[in-house]
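**Q** Sequence:
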Amino acid sequence: MKKRTILLALLATCLMLWSCDDTTKKTEGCGNGLLDLGEECDGEAGEATTCAELGYYEQFDPVLCGTDCRRDLSVCAGRCGDIMIQVQYGEDCEGENLGGDSCVSLGYERGTLACDASCHFDRTGCEGAGSCGDGVIQNPEDCDGNELGGETCAGLGYYSGTLACGSNCRFSLTSCDHRCGDGMVDMDYQEVCDGLNLDGQTCVGLGYHGGALACAGDCRGFDETDCAAVGRCGDDEVQTAHGEACDGSDLDGESCASRGYSQGSGALGCTTGCLFDEGLCVPESTNADLATLTVSAGTLTPAFSAGEITYTVTVPNVQETLTVAATTADPWATVVIAPVQPMALAEGANPVAVTVTAEDGTQKTYAVTVTRSRNYESPNIGTLIYVPAGTFQRDATVTNLSVVSAFHMSQYEITRAQWTAVTGWTDPSNVTYSSGTSDPVQMVSWYDAIAFCNKLSLLEGLTPVYSVSGVDFSTLTYAQIPASDNATWNAATANWAASGYRLPTEMEWMWAAMGADTANPGAVNTTGFAKAFAGSTGSNLIGDYAWYGLNSASKTHPAGTKLPNELGLYDLSGNVWEWAWDWYTSSYPTGTQTNYRGTASGINRVRRGAGWEVNASFCPVANRNYYYPYGRDYVIGFRVARP
Numbered sequence: 001m002k003k004r005t006i007l008l009a010l011l012a013t014c015l016m017l018w019s020c021d022d023t024t025k026k027t028e029g030c031g032n033g034l035l036d037l038g039e040e041c042d043g044e045a046g047e048a049t050t051c052a053e054l055g056y057y058e059q060f061d062p063v064l065c066g067t068d069c070r071r072d073l074s075v076c077a078g079r080c081g082d083i084m085i086q087v088q089y090g091e092d093c094e095g096e097n098l099g100g101d102s103c104v105s106l107g108y109e110r111g112t113l114a115c116d117a118s119c120h121f122d123r124t125g126c127e128g129a130g131s132c133g134d135g136v137i138q139n140p141e142d143c144d145g146n147e148l149g150g151e152t153c154a155g156l157g158y159y160s161g162t163l164a165c166g167s168n169c170r171f172s173l174t175s176c177d178h179r180c181g182d183g184m185v186d187m188d189y190q191e192v193c194d195g196l197n198l199d200g201q202t203c204v205g206l207g208y209h210g211g212a213l214a215c216a217g218d219c220r221g222f223d224e225t226d227c228a229a230v231g232r233c234g235d236d237e238v239q240t241a242h243g244e245a246c247d248g249s250d251l252d253g254e255s256c257a258s259r260g261y262s263q264g265s266g267a268l269g270c271t272t273g274c275l276f277d278e279g280l281c282v283p284e285s286t287n288a289d290l291a292t293l294t295v296s297a298g299t300l301t302p303a304f305s306a307g308e309i310t311y312t313v314t315v316p317n318v319q320e321t322l323t324v325a326a327t328t329a330d331p332w333a334t335v336v337i338a339p340v341q342p343m344a345l346a347e348g349a350n351p352v353a354v355t356v357t358a359e360d361g362t363q364k365t366y367a368v369t370v371t372r373s374r375n376y377e378s379p380n381i382g383t384l385i386y387v388p389a390g391t392f393q394r395d396a397t398v399t400n401l402s403v404v405s406a407f408h409m410s411q412y413e414i415t416r417a418q419w420t421a422v423t424g425w426t427d428p429s430n431v432t433y434s435s436g437t438s439d440p441v442q443m444v445s446w447y448d449a450i451a452f453c454n455k456l457s458l459l460e461g462l463t464p465v466y467s468v469s470g471v472d473f474s475t476l477t478y479a480q481i482p483a484s485d486n487a488t489w490n491a492a493t494a495n496w497a498a499s500g501y502r503l504p505t506e507m508e509w510m511w512a513a514m515g516a517d518t519a520n521p522g523a524v525n526t527t528g529f530a531k532a533f534a535g536s537t538g539s540n541l542i543g544d545y546a547w548y549g550l551n552s553a554s555k556t557h558p559a560g561t562k563l564p565n566e567l568g569l570y571d572l573s574g575n576v577w578e579w580a581w582d583w584y585t586s587s588y589p590t591g592t593q594t595n596y597r598g599t600a601s602g603i604n605r606v607r608r609g610a611g612w613e614v615n616a617s618f619c620p621v622a623n624r625n626y627y628y629p630y631g632r633d634y635v636i637g638f639r640v641a642r643p
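If you count by the numbering used here, then the sequence shown holds residues 1 to 643, one letter each, in order.
If you're looking for bench data, these hints aren't it; they were derived computationally from the structure.
You may find that some hints are simply not true.
[Stated by the list, open to error] Each pair of labels, with its calculated beta carbon distance range:
| no. | residue 1 | residue 2 | range |
| --- | --- | --- | --- |
| 1 | E320 | T477 | 35 to 45 Å |
| 2 | A303 | Y628 | 47 to 57 Å |
| 3 | G461 | P342 | 18 to 28 Å |
| 4 | G66 | G207 | 29 to 39 Å |
| 5 | G221 | N139 | 49 to 59 Å |
| 6 | D72 | G273 | 36 to 46 Å |
| 7 | G99 | G207 | 25 to 35 Å |
| 8 | G145 | D68 | 42 to 52 Å |
| 9 | S249 | D68 | 51 to 61 Å |
| 10 | A353 | A303 | 24 to 34 Å |
| 11 | E460 | A367 | 33 to 43 Å |
Glycine included, each C-beta is placed from N, C-alpha and C at the ideal position.
All chains, please: the whole structure from these sequences, using the hints.
**A** What follows is the structure in structure tokens.
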């Protein structure tokens, strides 16, 4: 009973001990994390040494454990025993490969050269002419015993260690530590790379856009040649393919202006990120104003201001060319003037467009209308008003039409002062009925009037219109003009194509007095003949337009002191009667008449317009009167016409 109790107690104790062991038994084999028999490594188990410790010359990356529990030596390169003689790593030979050398080629007399386990020549079989071990370095020995020829580990490219001489008189490098070229980056010796081991660095990591980074020969820097060929931000060369807009001072030909900013901007810059710095660029100007607008003749109306865009300029008929000039308010705006300046002026309106284009494309056009007056300016008698061609009804009969070609008529009646200045003759006027020399000349006959016309033509270099047999108008004196009826002067002829001055025909005078076609340009004037006076509108007052019996105080007054008619002609009604070219007849011919100049002969010449001495009934445009061509009267004067 006692033995049984003891056995049961022992069994219980064993079961308890077994149940408390929770250690999992691991399976044997590669991958179990344990270094088993025949394995070089297993995961982190087993010490994975360096390529150098395994006899290799170069290492590109750390030595890792492979899935077969063998070290991955693909990161190692070059070793003694790989058949190839690698002189750069100090090898003389490889096994039976002596590289063509022999004892004799090494300076011995005889013997058998061999290769030792460290790939150095084994000269122990060589004899004569000195031998390894004699303490003297002889070619091709590296060393001999303790004689190292002054060489050290550092001299052979290693960073530290003690150099020794092997039994074969070759340097023993086993005690030399670390060198550039061993494939390992030794940061303690300022290495940043070693061979193909770049320690993870790349061209991109160094700020380049790409390329293949290499290690410099001293392992203390990178060879960035291939990186530089690709380029980087900061090399002063723009690599647009890599997103650079600029690089340093190289703006790739760009400026603020080329990028759409104002030409008045500051300098375009480049950021450290090789993007444009537009901080000094300013927007393009919208200013399309002019600073100045000038004309070479005449006066701008109104006076120039940048906000006013419509102008007129009037120049005399003799002004055949003109220049419109302009400058812009903004220096970067442009201005185009059409037509091209200087410009030829046609008679009448000549439109000019001055277009300003602001820097941003905004446009503004200034319009200048240059009117070359159709009026003619005489240096001696002033302005001759242009009277356009046209057709008018000359009396109440609608079929009695007169067609008149364009001509010019003196704006004022010829004055006393003009008479003496042109002819050099004494003023014939009766001063009792005149207020001064600015009044119309009077006491002139029809003969006197045509003589004045020819004198004025000669004075201004024009072709005289009138011819009188035997009369030289260039030397004619006042005393030579007949004071009585004269057949020769009555037979005076007119050259209507001549450029000189003449008396208006009766139809020309009537057409001018009614205002021509100003009320309806180009239309037949069917009502002008019925006007009560030159300039009449039917509601205005004759006293504002004419010196006549009720307001003249029995004398003439200075020419042009009343209002003009529609054409700008003064005193066509009142002041003095005016001679016309035509012989007087009691009635006009019927029907349409073109440039009618009267009959070929007669007794009296036509006078028109009424004078200072008559009442308003003599002032209608249609009113006709006459006088002897030789008669000189203090109520009769004249005005002139020319083509």
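**Q** Indicate, hint by hint, whether the structure satisfies it.
**A** The hints, checked one at a time:
1. Evaluation of the 35 to 45 Å hint for E320 and T477 yields a pass: the beta carbon distance comes to about 38 Å.
2. Here the CB-CB span from A303 to Y628 is close to 55 Å, well matched to the stated 47 to 57 Å.
3. For the pair G461 and P342, the beta carbons lie near 26 Å from each other, so the given range of 18 to 28 Å is met.
4. Hint check: G66 to G207, Cβ distance near 36 Å, so the stated range 29 to 39 Å holds.
5. Taking 49 to 59 Å as the suggested C-beta distance range, the pair G221 and N139 does not conform, at roughly 36 Å.
6. Restraint check, D72 to G273: a C-beta distance of roughly 42 Å satisfies the suggested window 36 to 46 Å.
7. The supplied range of 25 to 35 Å is broken by G99 and G207, whose beta-carbon atoms lie about 46 Å from each other.
8. Between G145 and D68 the CB atoms are about 46 Å apart, so this pair conforms to the stated range of 42 to 52 Å.
9. The supplied range of 51 to 61 Å is met by S249 and D68, whose beta-carbon atoms lie about 59 Å from each other.
10. Between A353 and A303, the C-beta spacing of about 20 Å breaks the proposed range 24 to 34 Å.
11. A C-beta distance of roughly 36 Å is found between E460 and A367, which places it inside the suggested range of 33 to 43 Å.
Checked against the numbered hints above, the structure violates hints 5, 7, 10; every other hint is satisfied.
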